Structure formats: C-alpha cells, structure tokens
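S.K.: Fit chains B, C, D, E and F to the supplied structure of chain A, relying on the hints for placement.
Chain by chain, the residues:
There are 6 protein chains.
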Amino acid sequence: MSEPGRLTHLTESGAARMVDVSAKDVGVRTARASGRVLLSPAAVAILRSGEVPKGDALGVARLAGIMGAKRTPDLIPLCHPIALHGVEVDLAVADAGVEITARVRTADRTGVEMEALTAVTVAALAMIDMIKAVDPAATIADVRVEEKTGGKTGVWTRP
Amino acid sequence: MSEPGRLTHLTESGAARMVDVSAKDVGVRTARASGRVLLSPAAVAILRSGEVPKGDALGVARLAGIMGAKRTPDLIPLCHPIALHGVEVDLAVADAGVEITARVRTADRTGVEMEALTAVTVAALAMIDMIKAVDPAATIADVRVEEKTGGKTGVWTRP
Amino acid sequence: MSEPGRLTHLTESGAARMVDVSAKDVGVRTARASGRVLLSPAAVAILRSGEVPKGDALGVARLAGIMGAKRTPDLIPLCHPIALHGVEVDLAVADAGVEITARVRTADRTGVEMEALTAVTVAALAMIDMIKAVDPAATIADVRVEEKTGGKTGVWTRP
Amino acid sequence: MSEPGRLTHLTESGAARMVDVSAKDVGVRTARASGRVLLSPAAVAILRSGEVPKGDALGVARLAGIMGAKRTPDLIPLCHPIALHGVEVDLAVADAGVEITARVRTADRTGVEMEALTAVTVAALAMIDMIKAVDPAATIADVRVEEKTGGKTGVWTRP
Amino acid sequence: MSEPGRLTHLTESGAARMVDVSAKDVGVRTARASGRVLLSPAAVAILRSGEVPKGDALGVARLAGIMGAKRTPDLIPLCHPIALHGVEVDLAVADAGVEITARVRTADRTGVEMEALTAVTVAALAMIDMIKAVDPAATIADVRVEEKTGGKTGVWTRP
Amino acid sequence: MSEPGRLTHLTESGAARMVDVSAKDVGVRTARASGRVLLSPAAVAILRSGEVPKGDALGVARLAGIMGAKRTPDLIPLCHPIALHGVEVDLAVADAGVEITARVRTADRTGVEMEALTAVTVAALAMIDMIKAVDPAATIADVRVEEKTGGKTGVWTRP
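Protein sequence lines, in the order shown, are assigned to chains A, B, C, D, E and F. Going by numbering that gives the first Met the number 0, the letters in the first sequence line up with residues 0 to 158, in that order. Going by numbering that gives the first Met the number 0, the letters in the second sequence line up with residues 0 to 158, in that order. Going by numbering that gives the first Met the number 0, the letters in the third sequence line up with residues 0 to 158, in that order. Going by numbering that gives the first Met the number 0, the letters in the fourth sequence line up with residues 0 to 158, in that order. Going by numbering that gives the first Met the number 0, the letters in the fifth sequence line up with residues 0 to 158, in that order. Going by numbering that gives the first Met the number 0, the letters in the sixth sequence line up with residues 0 to 158, in that order.
The shape of chain A in the complex, shown without the other chains:
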C-alpha cells in the first residue's frame, strides 16, 4: 500500500488505467485463495453419496477453476495479461458445502492474487451450476486471499 488513500488503478483525475509494471522485477510470485459454496444437507448428501459419481462433479469445478485463472485478464478490466506457471485447485466436500482452495504461481512482474481469487470463484460458479437443480439456494461465501509471496512486499498472510 504505497499510497494510502489512493486507488492505484485510477489516475489523479480518477480515470481507470492499467498501471505500468514494466520496471518491476521478474520473480517468482505465488498466491493462495480460498472460498466456499454453502449447500443444503440434501445437496451435500448427494455429493457424498456413492450413487453419484462425485469425482466428475468436483472434477468439472476444478477444471473450470484452472481454466478460469487463465481468463483473469479477460474478466478483470485493469489486470495485466500475465504468464501463469502453475495452478492447482482443490475441492473438498464438508458438512456445510464444498471448500475450495486455489494455488497460483508465476515468474512474472505482478502478483497473482487476482488469478487465485478468479480460480476460486469460477470453480464455485461451476459447482453451483452442477448442483443448482438440487439446491437453487446455493451460496458462494468467504472468497479471499489467504497468502501471497514474492514482489517488493514479500510475504503477506491473512491476519
């Protein structure tokens, strides 16, 4: 937060811009984000049941998250197009729904927390799409950065 009270993506007159990062160092940067899809007990029961091939349901959401991370600069207007060197998305069925974690890694000039958040949210959206006929009230919650490393600011861990 080099300039408190200023949004770095806006010029002094308030116009949106893609901030110049050409002078930043190329270096390894990572981010880990998490989030949840809150589901009804009936929906959780289906995902846990042996009758339904749970693997493919979670597998679709996982792949959507990985592919979503690659679409980040298409979706977020002021995000830089960036090399992505590794993406992992984990989904686990819990009592309250599905827990999602994304880990993103790059060797480039900007952080990858937006890519990690995008991976989590797109995986969550795909999960809802799979389950919405059973649980139309499914809710995305608690999507946030857990940790980021690299760059001038070094390691940041969620307080």
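For the record, the hints were derived by calculation from the structure and aren't laboratory data. The structure presented is a predicted model; accordingly, all values stated were derived computationally and were not measured.
What follows is a set of in silico ranges between Cβ atoms, one per label pair, in the way DEER data are often shown:
| id | chain 1 | residue 1 | chain 2 | residue 2 | range |
| --- | --- | --- | --- | --- | --- |
| 1 | C | Glu-98 | F | Glu-146 | 37 to 47 Å |
| 2 | A | Pro-40 | B | Asp-141 | 16 to 26 Å |
| 3 | B | Asp-141 | A | Arg-47 | 21 to 31 Å |
| 4 | E | Pro-40 | B | Arg-157 | 52 to 62 Å |
| 5 | C | Val-27 | E | Val-154 | 26 to 36 Å |
| 6 | C | Ala-136 | D | Ser-12 | 20 to 30 Å |
| 7 | A | Lys-23 | D | Glu-146 | 19 to 29 Å |
| 8 | B | Arg-157 | F | Glu-11 | 37 to 47 Å |
| 9 | B | Arg-157 | D | Ala-22 | 52 to 62 Å |
| 10 | C | Asp-94 | D | Val-27 | 37 to 47 Å |
| 11 | B | Thr-10 | E | Thr-152 | 26 to 36 Å |
Note that CB positions come from ideal geometry on N, CA and C, so glycine has one too.
M.R.: Frame of chain A; chains B, C, D, E and F shown alone:
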C-alpha cells in the same frame, strides 16, 4: 428439481454433458442475484471520500459485471451459449463494504441465474482488484440467486 | 432516437447498462459500414505490384474483419451477444489507400451497425499490421455506417 | 522498414505467417496512438451537458479501450501474443467530437503500436455505441500512431 | 451440395465470406462426429491401469471437447455464431488408443457438424496433452462426421 | 518422460492441475507438427481447378491455423498461457487431399508441441468447413508431432 438425487449435468454413468434444451420453449426468463465485497473501514472511507472519484471505481466494477455476464458460457463448462437481452449491475457502498445486485433478462430456452451470479462475482472480483492495494483482506460473501422467473418452474424466490 | 438528450445505454442516474431488448421483434436487420486506410504512395504501389501477392494481404484483412464482427459483444461493453447470419467484407486498393466495406445481416432483436463498424475497423487494423513496416504512418479514416435496415426505425441512409 | 517492397508478414510465396521474433531483445517499448470520433453538435452538447453523467459515458469507452488492447492478438491475425505492462486511454470532449489517445508500454520482444491503435479504435467503437441513438452518423477518423519507442529502430515520431 | 464445383464460402471472385443464412428455417439439427487418438501400448496400459485415476484423464478431455464445441465460431473463420442446445462427448479406451464420439444438437439456422468435429478434435488435443509425456508420438486419426440431421438436406449418413 | 507410469498433469490423487514450470529455463523451443485432410477426388479437383480461387481457400485455413495456435491455452485445459514468437502453417493440395504442416517457435518455459498440433487441427477444421458442401465425408488424419527441440529433453524426432 425434476430428478431428486441426480445431478442433471451428469449422465447416468457420471460423465459431464451439456444438457439438451432444444425442446424447451423460447420465453422470457429473468434472474436477480446479489453479493457483497466485505471491506475494511479504511477502504470504505476511501470509496466514500470526496477526494477519490468513487464513480469510476464502482463504474469499472459495474462494467466488468456486465461484460462478465456475456462470458458465462466461456467460464462455466456446461452452460449453454445463450442470448442475453438485458443486464443491469448495481453497486452501492455500505458500512461493511460494497453491495452488488445483478438483473439479467433473456428470451431464450434456459434460465439466466448463472449469468446473474457470474455478473455479481466478476463485478466483485473487479472491485477487489481496484481496492486490494488498500485492503488486501477484502472478501467476497453471500453471492446467491435472489429470484428467478420464467420457464417451466415459473417464479422462484429465495426462501 | 426515441429519447432525445438521453444516452440509452445509461440509466437515469448515469450507470451503464445493457438495454433490455427482450420485447423487440425478431426480424431481418442489415447494416453496411465503410472506412479507409490511408497509405503512402509507396505502400499503395506495393499492394498494386505484381511482385507481391496482394491477394493474401487483402485476404488476411478481410478474414480479420469477418472474425472481428463475431467478437463485437466481447469488445463493446454494452453490445448484446447476437446471432450473425451473414458477413461480407470487401477491400479495394485505391490511390489513397485501401477502401473497406462491410455488410452484416441478422434475423435477431437488435441492429447490427456495431458489428459492421467493428468488421471495418478490425479489417483496417489488420491491414495496418500488414503494411506498417513499409508505412508506419498509415491512418484509419472515415469509418461510419452507410445504411441500416430493419427494426422499428426501418431504413436509415447516411445523409 | 528493413526490406523495402516486401510485406514482412508474408513469406516469399505470399503466404501469411507470424514472423519469428524469438531472437529479438526483451526491452521496454512504448507506443502512443490517437484518433477521433466526429459527432454532431447535438451529440457533443449532450456529452457536455450537466444533465447527462458524462463521466460514465467516457468511462465506458476508456475501459473498452484498455480491455481492447488486451484482445489485440485475438483480433489481428498475425500479431504476437505479448505482455502488456501499462495501458492508459484518455478521452476528451471537443467541439467536433471526442478526442482519444492511448499509451501502451511493455517490456517484451515486439513493438506495441498495434495494441495502441486497437485501444483507440475499440474506445471509439464503444463511444459510438453509446451515442448512436442520438447521432447515427458518428464517424471514426484520424486513427494513427503518433510515436513509438524501443526496439532496434528506436524512436519514431509521426512526421 | 447445391452448387457443384463452387465453394459456398467464397464469392464468385474468390473472396471469403460468411454465407447469409438469415432466410433459413429455425429447426432441430443434429450432428455426430467421431475420431481417435492412437497411442502406444504403454500409454494405453496406463490409462487402463487401476493405479492411475483414469476417470479424471478422460474427464479432462471430455470437458475440453464440450467447451471446444462452444468455441467453434471463434476458431473457424466463416462459421456462424450459433446456439448450442446439447453437447455430449464420449471417450473410451481401446487397444489402439482412445475412441471419441461427439453428439451436438441445436434448434437454429445452420447445421452443427463443425461443432461436432471441433468437439472431437479439441477432446483429442486435450487427451494428447495429458499423455504426451508418456507417448510423444500420439496421433489424431479418423476425425469425421458420422451423421447429420435436419435442415433442407435432411439426414446424411456417412457412406 | 521423467516419471514413467504417471500422468504429469494429474496429482498423486488423480486431480487435474496445471504443472508448475516457474523453475524451468527460458529458452528457444520449437515444434513441427503435420496432418492431413482426406478429400474426395471431386473436392481435390475443385481445389486444383483454375476456376476456383484456390489461394483464398487455403489462405483461410492457413490463417485459421495461425490464429488457432494463439488460442491453445483457451482450448487445452491444462496448457500454460505462453508467448508465441513465430508460427508458420503450410498447406499443399495432394492427390488424397490437403497436407498441413505447422512450425511454432518460442523463447519461453514450456514446449510448443500442443500449439503446433492445435495449429494443424484448426487449419484442418477450417479446410473442412470450406469444402464440406462439396465433400461431407472429409476426414482429418495423421495429426502428430514430427519434431520438437529445446528444453531439458533437447531434440525429439518422430521415430
């Protein structure tokens, strides 16, 4: 929920598929979804301050949400490519952060709740991208369908 | 121009929106747009010369224009995703540069003038990309709608 | 212009190709392009009027231009996919219409003049989309590179 | 084949165009395409082995095929953007490799054989990407339309 | 093939991932792939005939292949987004159909064989789209990597 206990996007053997909707009626369908970006008091103060051109910050997120709705079939693996006939995204600064609502309308063969949810989440991601230098702990919460109309199931309102 | 003095893509409070067209009739709508790439005499001479395979240079620009028309809703934030039922892009070498015309046709709920303008501009950009090593001062000029038909407003011809 | 009379994007037999730049140096390169949307006095008056939220109209076009720059390799068939490290798009209302300037910066292997031109033209298209109900004769004019720096050829300024 | 000896996607003078289909009837049209990825016995053994989670390997390719079908108009320059109402992609491990079948269904104005072929080829490419470290010589073979129905020409079955 | 019997794109538990390549060296890597579109004698005769502008038919397929190479990370779920520094696609009419070769070159952290294969298959799909009204039985065959260079494994040539 025509087939309790079955995920409609999976075949009987569990393989993912894009469900055939060619026999569904073309008709007006709408969906309204909402969500929030939880922010620190300092971030809220900046968005509310007269010194910062708040309009453009929220304007970027609004536009990201509208454009995001159009990318839904690119992001959600089993979503149908669909005509979108109207999209509105509202953002309002509240004490706890930014409240987001999306309204989507179509005259096509499938519902548009995934488009509304995608509009909300992409607007939320763009909002976080704008504010993350000030508040790296910003969190997306409570993203969910509020109401949908049209199609065989008619009106559904969040219980 | 149903509401003089109002930009239809903005709500009363000035927020951007994708205007609802779900109540509009499906009908055949067409648009023709034109534009030019102004080039140096040397660049025109190369395009006209028998030594250079002119066909492929113009062919690349033509195809870029056709494909560009399909990307219109990705590029123009408030444009509706729309069915495109026919696109033709013509390029002709003239003394001052390359003349471009695009004709677009649809049977859908909104006009296709933005698709025609996008086809012309993307063809022009591709033409510049081909010729820029020879003529770095190449300029796009006079990109405009020549005629549109269909919809409630019927035929409009450039005055 | 290393090979006068040859289009570098075509092979000797005239086939289109993406030119190999893998041996070029990575270095900071910039480009500035400009263009105009010519509008009727009535349209200019609306943009200048206090009654209409001018900010958001220009804001939509600005954002479209920034996002358009990122789509350059999708639109221009022989353009390299390239890292973009900074993009600014300025719009100003003048008597004859809207003046647009784009500045693009990268640290990569090819110049970014096509990205700057694409930012200007997509911003211009979005501007027309916003105003076309009021001024269906709006015209894009004078889109051209003003200056580029970096690479083997160094600084080029429009003569 | 209404005009023997003429390529319908080219004008009389040989220029590419997107053929006008606005006058065609909206109706149900289907296509089925198939193809194969030829693999080494070692690669087939891995896919069949219980040690490797075969499901997810084939699941990635299946999903890539479904999503690839949606990208058809982005990839094939003269293809119409079209509504897709149902897509299924099946993969089966055989002695010689992986057999792929895609079924696509729409209620629109053009046939969907290109969408079915694209689904098969993208699934095949994704399959190769998964297995290429084990079998760098993997080969795509026999990609072709098996059957199409609907439209003026009715049912066509591969001779 | 560093880990025989393991698919590198799957974790030990079988979940898909984008493999981390941030520690790999940046270096020049190339790939050459080939493939064929098998056509009826009548279709070959049309492509060879002087009456039909063969150039543009093959030109469309060539451009589709080049642009397709750029879409590789959008299509192949676990492919890294990668800089492409050179792409050439050659098409030649032979007795049995059209022969396609793609050469791709990069200076980045991963190989480009998937990009070369994608260029060949997309060119083949576009070729079929051009000729399908004349030869609905056109078939894609023998798509495979011929040679790759660069990276830790060095030169690989098809056995």
